[in-house]
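One-letter residues, chain by chain:
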Amino acid sequence: MSDIKHYIAPTTLEQALETLALGRVTILSGGTDLTPQVSVGRRHFEDTLMNIRRIEGLSQISMQGDEIRIGGSATVSDIRYHDLIMKYAPLLCETASHFASEQIRNAASIGGNICNASPAGDMIIPLLVLGASVELASWTKGVVQTRRIPLDEFFTGPGKTLRNSNELLAAVIFKKPSADFVGFFRKSGPRPALEISTVSLGIGGEMKEGKFQHVRVAMGAVGPTPLRGRQTEAALEGQKLTRTIIDHAVLAAQQDASPIDDIRATKWYRNHLVAVFTEELLYNVCQN
Amino acid sequence: MSVKTKLNFTLNSRPVNIEVPVDMTVLNLFRDFLDLKGTKYACGEGECGACTIEVDGKTINSCLMMAVDLQDRDVLTIEGLQKGNMLHPMQQAFVDHGAVQCGFCMPGMIIQANYLVKQNPSLTREEMKRGLEGNICRCTGYTKVLDAVAAVVGLKG
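In order, the protein sequences belong to chains A and B.
Going by numbering that gives the first Met the number 0, the first sequence runs without a break in its numbering and finishes at 287.
Going by numbering that gives the first Met the number 0, the second sequence runs without a break in its numbering and finishes at 156.
Just to be clear, a hint being listed does not mean it is correct.
[What the hints assert, rightly or not] Covered by chain A, per the in silico footprint, the following chain B stretches (three or more residues, Cβ under 8 Å):
no., stretch
1, 0-14
2, 39-46
3, 59-73
4, 87-98
Source of the hints: derived by calculation from the structure; they are not laboratory data.
In this text, a Cβ means the ideal position worked out from N, Cα and C, and glycines have one as well.
Next comes chain A alone, as it looks inside the complex (with noise of 0.2 Å):
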């Protein structure tokens, strides 16, 4: 383990932003993705801690124009329980209720889910199809500059993400959904509780005149990414959810995920999940 020369828990942006851009910073939000990955020496601290925890507004959740906007710092339970995202999405809430454990879910950060870029991030695939980008903020020529990146181009590995080391993840945006939209959150674990999901799948749209229209479907856990299944989304978008229908979609889901065997499942076992959680969250999109 490498020695922490300084700590720093900054109260405002432009403060992090500068120590960021100094270099050699290892971020702290909840620190449960960051502490274990220490202690079996996956990851090593660099000079400087930073815990951004105290930072001005960045656990905020608000709406803003059409938008809602998560700070990167709000927890998941923040998420799980705030009235906008209860009201506007939720799907968001119905899969930070299926994440972790309470424990876990009152400290870890949705900023922290997102830039581990995990494969299987369970709060990533609802945002996905929710049609999310981050923001990422950055101290450029001596003032706070903002970019945005849709979620579906920011991974790049498993682990790696578009991220910039002296940005940091100041946000999480989506356009409020309409009205019409219904969206479903699927992942599988031998226990409900405190699981890696084997497979995670999303599927969202707005369901007009019995047509299914602007479909998002995401995945977790079957590529080296969390994904957007876009062959998938091409067999449903403005289709009737009949029986040939969702026949068609659970083929094209299968074409979609490329899965590995690993120590949590086969990729046969993936493969079937993906089949599965397609039909059966269609049939919820139906039902609703």
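Using the hints provided, position chain B relative to the given structure of chain A.
For chain B alone, kept in the frame of chain A given last:
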């Protein structure tokens, strides 16, 4: 050695001022520096709940929390529940219902159960099960644990 920092927080209603290495976890601080051994170390990775404590009214796994983040916070551990010689009603219910066997998971289990009841005084048995998902017990099979929590919220059998 990592650098140290000064830390001020409230622990079981008493102020604590201490200097800690910045890479230390809360669990380490409590057990090895403050001699509060009630909070248990078991898995060390947030899977078992034996190290559960309450921070600013919310439970967390103290093995995953960095001690530096305790600054200005209010902490409750199992040692803070008992009032003098009187067990806390949740502790007493666990005793009365035979919910304790080896006892190792109990401090975390009782802190978590107490938090759940504070959050929702009319907790259903199903909600208890969901709320205690993050606390693993290898002896009891959980039935008597749930009976004890149910007794505190006034649910019948």
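Outcome of the hint check:
1. 0-14: Three-residue rule met by the stretch 0-14 of chain B, so holds; n is 4.
2. 39-46: Result for this restraint: holds, n = 4.
3. 59-73: holds (count 9)
4. 87-98: It is violated: at least three residues are needed, and the stretch 87-98 of chain B offers just 0 whose Cβ sits closer than 8 Å to chain A.
Of the hints listed earlier, the one the structure fails to meet is number 4.
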